[in-house]
Each structure stands twice: as C-alpha cells, then as structure tokens.
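Enquirer: The sequence shown begins at 0 in numbering that gives the first Met the number 0 and counts up by one.
In case anyone wonders, no lab produced these hints; they're calculated from the structure.
No experiment lies behind these values; they were computed from the predicted model shown.
Using N, Cα and C, we set each Cβ at its ideal position, and we do this for glycine too.
The reader is advised that the hints may include incorrect statements.
[As the list claims (entries may be wrong)] With a straight-line Cα cutoff of 25 Å, these simulated SDA-like cross-link-like pairs (lysine to any residue) come out:
1. Lys-84 to Thr-51
2. Lys-84 to Gly-66
3. Lys-120 to Ala-76
4. Lys-84 to Gly-101
5. Lys-84 to Lys-120
6. Lys-84 to Pro-58
7. Lys-120 to Ile-71
8. Lys-120 to Trp-100
9. Lys-120 to Thr-51
10. Lys-84 to Val-8
11. Lys-84 to Gly-94
12. Lys-84 to Leu-73
13. Lys-84 to Ala-45
[As the list claims (entries may be wrong)] Here are the simulated distance ranges between beta carbons:
14. Asp-14 to Ala-87: 19 to 25 Å
15. Val-8 to Arg-34: 14 to 20 Å
16. Gly-89 to Met-0: 42 to 48 Å
17. Asp-97 to Phe-63: 31 to 37 Å
18. Asn-1 to Asp-77: 33 to 39 Å
19. Asn-93 to Glu-119: 15 to 21 Å
20. Gly-59 to Asp-97: 39 to 45 Å
21. Asp-62 to His-4: 23 to 29 Å
22. Glu-121 to Asp-91: 15 to 21 Å
23. Gly-111 to Phe-7: 18 to 24 Å
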Amino acid sequence: MNITHTSFVTLPVADQDRALAFYTDVLGFEVRADRQVGPARWLQVAPEGARTVFTLSGPGMGDFVPGSAQGIMLVTADVDADCAKLAAAGVDVNGPEDAPWGRMAGFRDPDGNGLMLLTEKEGF
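Produce the complete structure using the sequences and hints provided.
Expert: Rendered as structure tokens:
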C-alpha cells in the first residue's frame, strides 16, 4: 500500500451556503474550493494549514444524507476557549470533559453532522 494521507472528508449538508457560513464564520475555516462542477457546487473548507479538507456536499452530490457524518475529531490547542466561542455563537456544546487521551467536547453543525473538539493530552 502506498497511501500517504486523507484528501477530504465528506460532510453532507442540505444548504451549502448555510454550511459555508457556519464553517467559516463560526469555526474559522478557510475556503479551499468553491466552483461549479456540472450541475453541482464543489465546496471545500479546512482549518488554516490543514492538509485534509471538508467537502460540504449539497444536493446533487451523491446519495449522502445531511447530518449523517458523525465522530469527526478536530484537534485544538484550547478546547475550553473554543467551547466558549461556540456557545457564544449559539452552538449547543456537550462538554468539555476530561478523558484519558485529553479534554474533549462535542457539537453539531447546522445539519446535525457530529463534530468533536479535542485538546490532546501530552504524551498520549
């Protein structure tokens, strides 16, 4: 096998503009691609400097069901500060709580896709 990395993760969404606003305005992601590909819009976002991007897959982009992506882990340097920012933006946040591997919290995007924030425990 010669696999080197993950290119993108598909996040099924019902409204790409609403999802774009959430991922850029609330999470601070940057737009990596936004173009028409045939009848569909190819829209990708990512944290600054990240190698893996998120494709916000809207209607016409396959059989994906909005909200079906779950357990996507986002690593952060300060889960508590990020949870406070999410709450201030009106996002319902579960946590943060301590775990053996770090401190983590969960939340959902506007379509119900499940995301986690993790501040990794040093040496884990």
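Enquirer: Is the straight-line distance between the alpha-carbon of Lys-84 and that of Gly-101 25 Å or less?
Expert: holds (19 Å)
Enquirer: Is it true that Gly-59 and Asp-97 lie within 39 to 45 Å of each other by Cβ?
Expert: holds (42 Å)
Enquirer: Return holds or violated for the Cβ distance of Asn-1 and Asp-77 against the range 33 to 39 Å.
Expert: The hinted range 33 to 39 Å holds for Asn-1 and Asp-77, with Cβ atoms some 36 Å apart.
Enquirer: Note whether the CB distance of Asn-93 and Glu-119 lies within 15 to 21 Å or breaks it.
Expert: holds (19 Å)
Enquirer: Given the hint that Lys-120 pairs with Ile-71, does the C-alpha gap stay at or below 25 Å?
Expert: The hint holds at about 18 Å.
Enquirer: For the pair supplied as a hint, Lys-84 and Gly-94, is the alpha-carbon distance within the 25 Å limit?
Expert: Given that 25 Å is the threshold and the Cα spacing comes to 13 Å, the pair holds.
Enquirer: Given the hint of 23 to 29 Å, is the C-beta distance from Asp-62 to His-4 inside that range or not?
Expert: Check passed, 25 Å falls within 23 to 29 Å.
Enquirer: Does the alpha-carbon distance linking Lys-84 and Leu-73 stay inside the 25 Å limit?
Expert: holds (15 Å)
Enquirer: Check whether the Cα positions of Lys-84 and Gly-66 lie no farther apart than 25 Å.
Expert: Between Lys-84 and Gly-66 the Cα gap is close to 22 Å, so the pair holds against 25 Å.
Enquirer: Does Lys-84 pair with Lys-120 here, judged by a C-alpha cut-off of 25 Å?
Expert: holds (21 Å)
Enquirer: Do the Cβ positions of Val-8 and Arg-34 conform to the proposed distance bound of 14 to 20 Å?
Expert: Taking Cβ atoms as reference, Val-8 and Arg-34 lie about 19 Å apart, which means the hint holds.
Enquirer: Looking only at beta-carbon atoms, does the pair Asp-97, Phe-63 fall within the given range of 31 to 37 Å?
Expert: holds (34 Å)
Consistency with the previously given hints fails for numbers 6 and 22, ordered from lowest to highest.
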